[in-house]
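**Q** Chains as they are written, first to last, in the numbering used here: chain S, -2 to 356; chain Z, -2 to 356.
Intra- or inter-copy, both count: the list cannot distinguish identical chains.
Under the rule of at most 20 Å between Cα atoms (straight-line distance), these lysine to aspartate or glutamate pairs were calculated in the DMTMM-like manner:
1) Lys324 / Glu284
2) Lys342 / Glu318
3) Lys171 / Asp105
4) Lys259 / Asp185
5) Lys324 / Asp199
6) Lys0 / Glu320
Simulated from the structure, these hints should not be mistaken for lab results.
Number of protein chains: 2
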Amino acid sequence: MPKLPLPPGSTLGILGGGQLGRMLALAAARLGFDVAVLERDADSPAGRVAAHTIVGAYDDPAALEQLAALAQVVTFEFENVPAASVAKLEALGIEVAPGPEALAVAQDRIAEKQFLNASGAPTVAFSSADSAEEAVAAATEMGCPVLMKTRREGYDGKGQRWVEHAPDAAAAFKALGGAPVILEAPADFVRELSIIAARGRDGATAIYPLAENHHEGGILRRSLAPAQVGEDLAFQAEKIAARVLKGLNYVGVVGIELFELKDGTLLVNEIAPRVHNTGHWTMDGCEVDQFEQHIRAVAGWPLGPTAPHHRVEMLNLLGDEAEAWAKLAHEPETRIHLYGKRDPKPGRKMGHVNKLKAL
Amino acid sequence: MPKLPLPPGSTLGILGGGQLGRMLALAAARLGFDVAVLERDADSPAGRVAAHTIVGAYDDPAALEQLAALAQVVTFEFENVPAASVAKLEALGIEVAPGPEALAVAQDRIAEKQFLNASGAPTVAFSSADSAEEAVAAATEMGCPVLMKTRREGYDGKGQRWVEHAPDAAAAFKALGGAPVILEAPADFVRELSIIAARGRDGATAIYPLAENHHEGGILRRSLAPAQVGEDLAFQAEKIAARVLKGLNYVGVVGIELFELKDGTLLVNEIAPRVHNTGHWTMDGCEVDQFEQHIRAVAGWPLGPTAPHHRVEMLNLLGDEAEAWAKLAHEPETRIHLYGKRDPKPGRKMGHVNKLKAL
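Go ahead and model the full structure; you've got the sequences and the hints to work with.
**A** As structure tokens, this is what we get:
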């Protein structure tokens, strides 16, 4: 196993070459690390700012061996890292963070909700179903409407649909591919919030102020942070974050999506074991942003401060919205972050801007 | 010639693979540019965070052609770029910024002082000498002590020596290699200050607050910014910066080193046509730092704001001082920047820290 804290000049591995990998790589470089990216695409947003790109699938044993030969610590930009890949890297003497426990929970919506409830982090009511018949039975028992999601995979609103009448659950189950699903009771929320938090290898935690988030068609459009919340709500959210981090023996940054209910209680929607789109505001709003924080944590460094110095409105630039860069560059309050993606498909996250306001 | 403003996704070329090139490359990546570094060393601090490294000397025609095939706009991290290289790139249709005028002035200490005085930016008295005899005559006429420097090259206190008695000027001339020299009257300064400023392709300027600088053995140890100065001094410095930028028809960031005299007037010590060590504080102290500002300027983007949000004490980490990274990482007010240099030679700039204080 590598000696930790990992000294500058060491190589840090990242699974995934997208924008999160890119912003992690830039943060790692600031701290003096070299970065090796494992990614299917030889020309990726992260690979273009990394010292090494290893071209391969995330479960390609030869690619994982190449990564292990370069890097001492490996992290990832997405939660669907195959468990076998993590096991293989660990067998090769590599520290992988966040660890297999966090991945197992984040990859299965049933395991995730069971873990959360067991940890004292409340969620909506839910059931699982492995067949169309079970889905109809579960929808009948829960009462409709219910939100059906595949247990695994799916992001940005993909792999889910609403069931308005219990008998329709059979068709929904088939439409989602016939794989095991979760059925979730609707959350009668007044606001979507999120909390970004980190835990170091020493068990210390660092928690950022809450963000208020606005989605459209399942895709994040806009975050406002620090969110305007009372002390009570902030305290609830921090308690949830602390329980999640401790319960998963977590190392790194986690993003926790929350529903604020009318009565002022919080439910956890989902947890992402990685840096998170709703934490991009920290790049221009906080002393140490979520990307450096994650690198610090996985490298075994002490965590940094999370104090904000600006209020931020973060706007995602989707598809051809990034073509407004010249106009955005004229706005003095707007900090621009572009990901170097070649192909501006509709809905694709091409960049984001942080609009700064006084705290 | 490339269409400006240069769109994200374009490739920006940087001559030089050191720490300034690295920090420029990281800033360019944030704005969505790819970077191509031209550098003698295949494994350089900047190359490791760039999409492309072209290995070659700065005057290697084949290397310059490779760079021109990739990049639409080229900048540099050091002032001693051969004029012929700039001419070659321009002949190949590349925009080079800052331009040949700025380089010519910055590469010759006599031309620099003549330009400054002609622009209404005062300097110490000086003479030139092309032989040992001329050196003795000049020292005699000026009166000793005088500071003898080679007209070209030299940085961080290299290529200069004090002459205490006029006859010693002959030996000093030979010790400096027998090349043309400048003799400078001593500046009876109370403080060393610097001002970092930028000019866009549209002629707009952006000026950062002054920094107060402390050198040891000719090497910058420490900058404090914004410096504690009265309105008068700030006004003088801004006027100097504006004259330098306009006089050189400048595009990019310039660093201007200043002497503050007892009577409250400012003299220009030297100008560096590039991002500058005394501007590293802007990385954690300002909304848009000097590196992004430089990229914006050379890419033909509008300049960004220079307002500070923290007071900063910047400390260079020289040689083995960077080995204190683990201790520094524990300090909540300290932001760490390490350059990925492999070999911590004494006096070598391995990184810097910005210690944040309230404004």
